[in-house]
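S.K.: What follows is the residue order along each chain.
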Amino acid sequence: MPTLNRRETDDEFIAACRRGDRAGLAALYQAHKDKVYSIALHFFHGDAALAADITQQVFLKLITGIGQFRGDAVFTTWLYRLVANTCIDASRRRKPEVSVADLHLASTASSPAAEWERKRLTETVQAAVAALPEPFRLAVLLRHFEELSYEEIAAALECSTGTVASRLSRAHRMLAEALAPVRSWFETKE
Amino acid sequence: MENTHISELLAAYAEGELAAPEHALADAHLAVCAECRAGLEDVSIGLRAVAELPLTTAPDAVWNAIGRELDRRADRRRAARWLAAAAALLIVATAVWYVRRTPGERWEVEGIASLHSVGVGDWIETGPMAEAKIKVGSIGTVDMTPHTRLRVITAKPLEHRLSLVSGRIHARITAPPRLFFVDTAAGAAVDLGCEYDLVCDREGNGYLRVMQGWVSYEWQGKESLVPAGASCRTRAGHAPGTPFFDDAPAGFSEALARFDGDGSALPALLATARQRDTLTLWHLLTRVTTEADRLRVFERMVSFAPLPPGVSRDHVLSLDRAALRQWREELAWTW
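Protein chains in written order, with the working numbering: chain A, 299 to 488; chain B, 25 to 359.
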C-alpha cells in the first residue's frame with residue numbers, strides 16, 4: 299500500500315482546515331506541535347509558559363489564516379514564517395535577553411557521562427543558543443528541529459540563501475566561543 | 025576561492041549544503057588556510073552543541089487552550105452578527121425619532137457678546153483671546169479656539185454642515201452617522217458618531233484627531249477612516265493622510281509622513297508596524313502604487329492578523345471592496 303509523504307498529508311489536513319473542519323487543524327497540530335513548541339522553548343531560553351503561549355498563537359493564526367495559504371509554497375515554510383514572526387513579536391514585548399557575557403558555564407569535563415552533567419550541559423547549550431542574536435537563533439533552531447534546507451529557511455525568514463549560510467556559520471562559531479569551557483566534551487563526541 | 029577566505033560558507037560546507045563545484049573549491053582552500061580550518065572546527069563544535077537540544081513534547085494544555093479560544097471566537101462572531109442587526113435597527117429608529125423632533129434651524133452660540141445664534145450663511149470668528157461654543161441643533165456642540173473662522177453651510181435635520189476656513193474646533197456629536205459634516209479646503213470630516221479635533225490653515229493643511237467613535241475624512245472619492253485614538257494629516261490638493269494611532273512608535277509615524285508625502289519609506293513602515301497598526305496597513309492596501317508593494321503590505325498584515333473566513337488573498341490583492349470591508353471589520357476588534 300503506497301504511503302503519503304509529509305507534504306501530501308499536510309495538503310489533506312490543510313484542505314480539511316479550509317472547510318472549517320477542526321479535525322484538520324488537530325491533525326496539523328499533532329504533526330507539527332512538538333517542533334513548534336521546541337523552537338519557541340529554546341528561542342526563549344527554556345521559558346515553558348511563553349513557549350506554550352507562542353505555540354497556541356501560531357496555531358490560532360494558522361486556522362484563521364489558512365485561506366490565504368496557497369499551494370504553490372511549501373506549507374512548512376509558511377508555518378515557520380508564522381513561528382518566526384510570532385517569536386520575534388513576543389521577544390520585542392519581553393524583557394532584555396541574556397547575553398553571552400551573562401552566561402555562567404559549568405565545566406562538565408570531570409564526568410561527562412553522568413546524567414546530571416548531561417542535563418547541565420544541555421542547559422548550558424540552551425543558554426548559549428538563547429544568547430545568540432534573534433535572526434541567528436531562528437536559523438539555528440529551524441535547521442535543527444525542522445531540518446529545513448537553507449532555501450526553506452531563507453523563505454521562512456524572508457532573506458537570501460547566502461544570508462542564511464552566513465548567519466549559520468557565524469552562529470555556530472559564536473556558540474563554540476560561548477561554550478569554550480566545555481569544548482572538550484564536544485571534541486570527543488562522535 | 026583558493027585565496028579567498030570562506031568563513032561565511034563554513035556551516036554550509038560542514039552540513040553538505042554546497043554544490044559539488046563549490047565544495048571542491050572549499051576543499052582546496054581549506055587545504056592551504058589554517059584560519060578557515062580553525063573556523064571549520066568551531067562550526068563543528070557549534071553543530072554538535074546544537075544537536076544536544078532535545079525535541080520537547082508540547083503540553084496537552086496548549087491544544088485545550090486553542091479549542092477554548094476557537095469556541096470563544098465562534099460565540100463572538102454570532103454575537104457580532106446579532107449586535108450588527110440590532111445596531112442597524114437602532115440607527116433607523118433614532119433617525120426617525122430625530123427627524124420628527126428636530127427644533128428650528130438656528131443654532132445657539134456662547135462666548136461671543138454680539139452673536140447669540142447663527143443660521144445658514146452666517147460667519148463666526150474668534151479673536152486672539154476668545155473662545156466660542158456652538159450648539160449644533162440638538163445633536164452636539166462645536167468648541168472654537170482662538171483665531172478660528174468658520175461658516176454655517178447647511179442647517180437641516182438630516183444635514184448639519186460647517187465650513188472651517190482656519191483654526192481649530194473640537195466637535196462632540198451624539199447623532200446617527202453622516203448627519204454632521206465639516207468642510208475644509210482639503211476635504212470634509214464626516215461624523216460617524218464621535219468626538220474629535222480638527223485643525224487646519226486656509227489651504228487645508230492640518231490634522232484630524234479622534235477621541236471617541238469614528239470619523240471619515242473624505243476628498244474626491246478618497247477616504248480615511250479614523251477611529252478613536254488615531255489621527256490623520258490633511259494636505260491641500262491631496263488625498264487625506266493615512267490614519268495612524270497616536271501611540272505609534274516615532275519611527276512609524278515619521279515613515280508614514282514620508283510615505284504620504286512622496287510614496288517612499290514603505291520598508292520602514294512595514295518594519296516598525298505593530299499589530300494595531302493594521303489600521304494604517306489596511307489603508308495602505310489601496311494607496312500603494314505597485315502590485316509588489318501591495319503584496320508586501322498584505323504579507324505584513326497577515327503576519328499580525330490572518331484573514332477572516334471567506335476572504336482570500338486574491339480578494340484582497342484585487343482590492344475587492346466587500347472583502348476589504350470584511351477584513352477591516354474583523355481587524356477593528358484589535359484597534
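Just so you know, not all the hints are guaranteed correct.
Stated by the list, open to error - Far from chain A, by Cβ distances over 10 Å, these chain B residues were calculated:
#1 I115
#2 H140
#3 V335
To be verified - Sample of chain B residues lacking proximity to chain A, with all beta carbon distances greater than 12 Å (derived):
#4 S31
#5 P251
#6 E278
#7 S327
Stated by the list, open to error - Not everything, but these chain B residues come out facing chain A in the computed CB check (under 10 Å):
#8 T28
#9 E32
#10 L77
#11 L107
#12 A108
#13 A274
#14 L305
#15 F328
Think of the hints as simulated: they come from the structure by calculation, not from any bench.
We put the beta carbon where it would ideally sit given N, CA and C, even for glycine.
S.K.: With reference to the structure, classify each hint as holding or not holding.
M.R.: Status of each hint after checking the structure:
no., hint, result
1, I115, "holds, 29 Å"
2, H140, "holds, 55 Å"
3, V335, "violated, 7 Å"
4, S31, "violated, 6 Å"
5, P251, "holds, 22 Å"
6, E278, "holds, 19 Å"
7, S327, "violated, 4 Å"
8, T28, "violated, 14 Å"
9, E32, "holds, 4 Å"
10, L77, "holds, 6 Å"
11, L107, "violated, 20 Å"
12, A108, "violated, 20 Å"
13, A274, "violated, 15 Å"
14, L305, "violated, 14 Å"
15, F328, "holds, 8 Å"
Hint compliance for this structure: hints 3, 4, 7, 8, 11, 12, 13 and 14 are not met, and every other hint is.
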